[in-house]
Amino acid sequence: MNSTVSKQPVILLVEDNPDDEMLARRAFRAESRDHSMTVARDGNDAILCATTEKPPALVLLDLNLPGADGFAVLEAIRRHPPAATTPVVVLTSSADAKDITRAYELGANSYITKPIDYEEFMQVVHRLSEYWLDLNRDGEECADGAQ
Amino acid sequence: MTLPFNHRSLRFRLLLASTLVEVVMLALLLANTVRLINEAMLTSADNAVEQMVPTLNVIAATNLVTGDLATLQDNLNAIVGKRDQGLSYVVIDDLDGERVLAGNVKADALPKPHPDLSAALSVSILHVARPITLGGQLVGTMQFGLSTAVIARAKADLLRQGAIIAAIEIVLTFALLSVVGYWLTSHLEAFVEGSQAVAQGRFDLVLPSKGEDEVAQLATNFNAMTAAVRSRIDALARSEAEFRTLFEQAAVGIVHFALDHQVIRANTKLAEILDLTREELRTLSWETLSSPEDWPAAQEACAALLTAGKASVEFEARWRKESRTVTGYARDKGGAFAWVRVTASLHRDANGSPSYYIAVVQDIAAEKAAQAEVAHYRQHLEDLVDARTHDLEAANRELEAFSYSVSHDLRAPVRTIGSFSAILKKDVGKKLDEESQDFLDRINRSATRMAQMIDALLELSRVGRAELRREPCDLSVIALEMCDELKQVRKGQEVECVIEPGLKTVADPRLIALVLQNLLGNAWKFSSRQPKPKIEFTHLPKAVKPTFLVRDNGVGFDGTHSGRLFAPFQRLHAESAFEGTGIGLATVQRIIQRHGGRVWAEGVPGKGATFYFEIPAEKAP
Chain G
38 MNSTVSKQPV
48 ILLVEDNPDD
58 EMLARRAFRA
68 ESRDHSMTVA
78 RDGNDAILCA
88 TTEKPPALVL
98 LDLNLPGADG
108 FAVLEAIRRH
118 PPAATTPVVV
128 LTSSADAKDI
138 TRAYELGANS
148 YITKPIDYEE
158 FMQVVHRLSE
168 YWLDLNRDGE
178 ECADGAQ
Chain V
7 MTLPFNHRSL
17 RFRLLLASTL
27 VEVVMLALLL
37 ANTVRLINEA
47 MLTSADNAVE
57 QMVPTLNVIA
67 ATNLVTGDLA
77 TLQDNLNAIV
87 GKRDQGLSYV
97 VIDDLDGERV
107 LAGNVKADAL
117 PKPHPDLSAA
127 LSVSILHVAR
137 PITLGGQLVG
147 TMQFGLSTAV
157 IARAKADLLR
167 QGAIIAAIEI
177 VLTFALLSVV
187 GYWLTSHLEA
197 FVEGSQAVAQ
207 GRFDLVLPSK
217 GEDEVAQLAT
227 NFNAMTAAVR
237 SRIDALARSE
247 AEFRTLFEQA
257 AVGIVHFALD
267 HQVIRANTKL
277 AEILDLTREE
287 LRTLSWETLS
297 SPEDWPAAQE
307 ACAALLTAGK
317 ASVEFEARWR
327 KESRTVTGYA
337 RDKGGAFAWV
347 RVTASLHRDA
357 NGSPSYYIAV
367 VQDIAAEKAA
377 QAEVAHYRQH
387 LEDLVDARTH
397 DLEAANRELE
407 AFSYSVSHDL
417 RAPVRTIGSF
427 SAILKKDVGK
437 KLDEESQDFL
447 DRINRSATRM
457 AQMIDALLEL
467 SRVGRAELRR
477 EPCDLSVIAL
487 EMCDELKQVR
497 KGQEVECVIE
507 PGLKTVADPR
517 LIALVLQNLL
527 GNAWKFSSRQ
537 PKPKIEFTHL
547 PKAVKPTFLV
557 RDNGVGFDGT
567 HSGRLFAPFQ
577 RLHAESAFEG
587 TGIGLATVQR
597 IIQRHGGRVW
607 AEGVPGKGAT
617 FYFEIPAEKA
627 P
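Chains as they are written, first to last, in our numbering: chain G, 38 to 184; chain V, 7 to 627.
Simulated from the structure, these hints should not be mistaken for laboratory data.
Any given hint could be a false lead.
Unchecked claim - Straight-line distance between alpha carbons at most 20 Å, and here's what the computed EDC-like set of lysine to aspartate or glutamate pairs gives:
{"hint": "1", "chain 1": "V", "residue 1": "LYS275", "chain 2": "V", "residue 2": "GLU320"}
{"hint": "2", "chain 1": "V", "residue 1": "LYS275", "chain 2": "V", "residue 2": "GLU199"}
{"hint": "3", "chain 1": "V", "residue 1": "LYS431", "chain 2": "G", "residue 2": "GLU156"}
{"hint": "4", "chain 1": "V", "residue 1": "LYS436", "chain 2": "G", "residue 2": "GLU156"}
{"hint": "5", "chain 1": "V", "residue 1": "LYS432", "chain 2": "V", "residue 2": "ASP415"}
{"hint": "6", "chain 1": "G", "residue 1": "LYS135", "chain 2": "V", "residue 2": "GLU500"}
{"hint": "7", "chain 1": "G", "residue 1": "LYS135", "chain 2": "V", "residue 2": "GLU404"}
{"hint": "8", "chain 1": "V", "residue 1": "LYS431", "chain 2": "G", "residue 2": "GLU157"}
{"hint": "9", "chain 1": "V", "residue 1": "LYS432", "chain 2": "G", "residue 2": "GLU157"}
{"hint": "10", "chain 1": "G", "residue 1": "LYS135", "chain 2": "V", "residue 2": "ASP514"}
{"hint": "11", "chain 1": "G", "residue 1": "LYS135", "chain 2": "V", "residue 2": "GLU465"}
{"hint": "12", "chain 1": "V", "residue 1": "LYS538", "chain 2": "V", "residue 2": "GLU500"}
{"hint": "13", "chain 1": "V", "residue 1": "LYS432", "chain 2": "G", "residue 2": "GLU156"}
{"hint": "14", "chain 1": "V", "residue 1": "LYS431", "chain 2": "G", "residue 2": "GLU68"}
{"hint": "15", "chain 1": "G", "residue 1": "LYS135", "chain 2": "V", "residue 2": "GLU406"}
{"hint": "16", "chain 1": "V", "residue 1": "LYS497", "chain 2": "G", "residue 2": "ASP53"}
{"hint": "17", "chain 1": "V", "residue 1": "LYS432", "chain 2": "G", "residue 2": "ASP56"}
{"hint": "18", "chain 1": "V", "residue 1": "LYS551", "chain 2": "V", "residue 2": "GLU500"}
{"hint": "19", "chain 1": "V", "residue 1": "LYS548", "chain 2": "V", "residue 2": "ASP564"}
{"hint": "20", "chain 1": "G", "residue 1": "LYS135", "chain 2": "V", "residue 2": "GLU306"}
{"hint": "21", "chain 1": "V", "residue 1": "LYS431", "chain 2": "G", "residue 2": "ASP56"}
{"hint": "22", "chain 1": "V", "residue 1": "LYS510", "chain 2": "V", "residue 2": "GLU477"}
{"hint": "23", "chain 1": "G", "residue 1": "LYS135", "chain 2": "G", "residue 2": "ASP154"}
{"hint": "24", "chain 1": "V", "residue 1": "LYS432", "chain 2": "G", "residue 2": "GLU112"}
{"hint": "25", "chain 1": "V", "residue 1": "LYS538", "chain 2": "V", "residue 2": "ASP490"}
{"hint": "26", "chain 1": "G", "residue 1": "LYS135", "chain 2": "V", "residue 2": "GLU473"}
{"hint": "27", "chain 1": "V", "residue 1": "LYS431", "chain 2": "V", "residue 2": "ASP415"}
{"hint": "28", "chain 1": "V", "residue 1": "LYS118", "chain 2": "V", "residue 2": "ASP52"}
{"hint": "29", "chain 1": "V", "residue 1": "LYS275", "chain 2": "V", "residue 2": "GLU246"}
{"hint": "30", "chain 1": "V", "residue 1": "LYS432", "chain 2": "G", "residue 2": "GLU58"}
{"hint": "31", "chain 1": "V", "residue 1": "LYS275", "chain 2": "V", "residue 2": "GLU254"}
{"hint": "32", "chain 1": "V", "residue 1": "LYS327", "chain 2": "V", "residue 2": "GLU286"}
{"hint": "33", "chain 1": "V", "residue 1": "LYS431", "chain 2": "G", "residue 2": "ASP133"}
{"hint": "34", "chain 1": "V", "residue 1": "LYS112", "chain 2": "V", "residue 2": "ASP80"}
{"hint": "35", "chain 1": "V", "residue 1": "LYS118", "chain 2": "V", "residue 2": "ASP99"}
Unchecked claim - Restraint-style ranges between C-beta atoms, simulated for each label pair:
{"hint": "36", "chain 1": "V", "residue 1": "PRO507", "chain 2": "G", "residue 2": "PRO119", "range": "51 to 61 Å"}
{"hint": "37", "chain 1": "V", "residue 1": "ALA401", "chain 2": "G", "residue 2": "ALA134", "range": "19 to 29 Å"}
{"hint": "38", "chain 1": "G", "residue 1": "ILE137", "chain 2": "V", "residue 2": "PRO419", "range": "21 to 31 Å"}
{"hint": "39", "chain 1": "G", "residue 1": "ILE137", "chain 2": "V", "residue 2": "SER568", "range": "29 to 39 Å"}
Glycine residues also receive a C-beta, built at the ideal position from the N, C-alpha and C atoms.
Whole structure, please, built from the sequences with the hints as guidance.
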């Protein structure tokens, strides 16, 4: 785990595919936001990172993972009181209705099928940054202040 | 034949009564005759006395007055001598006590005179005393005896003749009555004989019926009656014989049960079916014949016949079948059973009261065996189909899971290729020469195309796996939305959409929308290059199952290849000419198949294509 104590909001990217990880990193870098990004490459790692006293500002969660799968990670996050309101966006290849339904049932805030087209992916990342990170910034700063 | 004088015979009694009546009548007649004779005798005696008294008065009176007694004596002698006057004696006394007598009398023993004339009937000599008068003066007395012999003889003659006549009459009457009686009763005897014959069951006796009198009529009627009874009895006997034959030689078992279910009679066929003798059958009852499991059904049938008034009840039952090689009826030994079909009815007597049950019993052992065999094979077949279906479903599930995971796993590398080629082009594209840029574009296009195909495959896979949720859908509304969407997406392509309103079905709305999206999309795609592109959505009239169709006036296709249309990745047109994944129609077919319907297409190159799909009201089993 690569936890960073800083004022920047932390994004937890749960992704086992290094290609997808690199694409995500690049997309957020293109957004020119000074986030620090933590990457968890399996489910168990993701649970450890997400269920700390100071949960990340945004969790981008793949479902198909080694170890505990994405649903298990989501459940663990929602069971952890400090992370109960942490925005979790499922970002996965699956467009299966069953997966979508189950993700929302377990408390996902959004469900996004990974777009094939890179430009489209960039737009998704842009919207994510605009909405979820900005929305959560106040809370994060409060947490910083308390510390 | 009765004796002529059987004291109880009608003839004897008739004869006796007639004779008695005759005798009484004759006795009365005789009594009356005697009475009349007596009256006549009295009158005759009176006349004789009344003639005699004046005569004697005349003779005696003068002589008495004159006292000439000798003359008187002579005169008297003369009178008494005359026999015809029947004078037995005469005694004359004068007032002085002088007596003159004549005839058969003694002077000192004069019989006392009879007080009246009625004594004339009982005595042979009537003694009469009278005064003698002359000119009203009593001059003496007279007594004379008048013989009644003549009268008595006349009476006796009369009586004798009467008796003879009566006797003759009686004899004649007796004879006549005997003849009449014989004539009458001889007919009666014939009737008696005839009726005795009938009573003994012989109907061959025919009574003689000559003439036209009542007896003849009676005989005719008797003969007619006998003939009628004989023909009835003959008919009854024939009917009974026929019934016997029917009962005995029937091809089905027949058994009659008493109301207490005891066997009354059973025919040979039933004995054959149950492998029992008829004597053995007669010792059994319905209950002991039935298997314990089937006895309640028989009881229900009886109740239905007795109380519910049903004409007949049919049911199948197992009846005890015992081999005679086994001693006795091993009811508790769980012996063999014969499967029979029982058609039970209730026989009622002329008053409508139940008298016995009739059970017609068919041997259905073969039928049952065949049924069991069929059931066995059917079960075997069902098991086989179940197993195959199960295998097939498992294979399908496996295939779909495989297809899904392959597609899913293929997506990541394709995305990577596409994405990184895009980044590369964006970052360094301008620094590359034209050819290299073209390579990057080709990589990107291929990745995009492959991603689209993978998505289509994923869709197809999902369509196969997704749960079918049937609900009413308005196809016209969905089609209209699809066309509007196509107009938005493919701006610049003017295509006329003709959609029949009010086309409704019951289907999974999400899947059926996918069908229309694919078919209308195809129609649009293949017709958009025509001068006046037109697509239609309508229904097929007179179809057995509800059938809808999408027609376009586009490029069409060669009808001989229509079968290949619905296979995944099969294309009838060059990829360069019309973009597409080659999965759309496979998805359409899969969806329609899942709804229990089928899909087919007709096309003429250059003239357009028509795609049909039917959706049965209920999913076919």
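Each hint, compared with the structure:
no., hint, result
1, V:LYS275 / V:GLU320, "holds, 19 Å"
2, V:LYS275 / V:GLU199, "violated, 46 Å"
3, V:LYS431 / G:GLU156, "holds, 12 Å"
4, V:LYS436 / G:GLU156, "holds, 18 Å"
5, V:LYS432 / V:ASP415, "violated, 26 Å"
6, G:LYS135 / V:GLU500, "violated, 38 Å"
7, G:LYS135 / V:GLU404, "holds, 18 Å"
8, V:LYS431 / G:GLU157, "holds, 15 Å"
9, V:LYS432 / G:GLU157, "holds, 14 Å"
10, G:LYS135 / V:ASP514, "holds, 16 Å"
11, G:LYS135 / V:GLU465, "holds, 13 Å"
12, V:LYS538 / V:GLU500, "holds, 8 Å"
13, V:LYS432 / G:GLU156, "holds, 10 Å"
14, V:LYS431 / G:GLU68, "holds, 18 Å"
15, G:LYS135 / V:GLU406, "holds, 15 Å"
16, V:LYS497 / G:ASP53, "violated, 41 Å"
17, V:LYS432 / G:ASP56, "holds, 18 Å"
18, V:LYS551 / V:GLU500, "violated, 34 Å"
19, V:LYS548 / V:ASP564, "violated, 26 Å"
20, G:LYS135 / V:GLU306, "violated, 57 Å"
21, V:LYS431 / G:ASP56, "holds, 17 Å"
22, V:LYS510 / V:GLU477, "holds, 10 Å"
23, G:LYS135 / G:ASP154, "violated, 24 Å"
24, V:LYS432 / G:GLU112, "violated, 39 Å"
25, V:LYS538 / V:ASP490, "holds, 18 Å"
26, G:LYS135 / V:GLU473, "holds, 11 Å"
27, V:LYS431 / V:ASP415, "violated, 25 Å"
28, V:LYS118 / V:ASP52, "holds, 18 Å"
29, V:LYS275 / V:GLU246, "holds, 19 Å"
30, V:LYS432 / G:GLU58, "holds, 19 Å"
31, V:LYS275 / V:GLU254, "holds, 7 Å"
32, V:LYS327 / V:GLU286, "holds, 12 Å"
33, V:LYS431 / G:ASP133, "violated, 32 Å"
34, V:LYS112 / V:ASP80, "holds, 17 Å"
35, V:LYS118 / V:ASP99, "holds, 14 Å"
36, V:PRO507 / G:PRO119: 51 to 61 Å, "holds, 58 Å"
37, V:ALA401 / G:ALA134: 19 to 29 Å, "holds, 24 Å"
38, G:ILE137 / V:PRO419: 21 to 31 Å, "holds, 23 Å"
39, G:ILE137 / V:SER568: 29 to 39 Å, "holds, 37 Å"
Comparing the model with each earlier hint shows violations of hints 2, 5, 6, 16, 18, 19, 20, 23, 24, 27 and 33; every other hint is respected.
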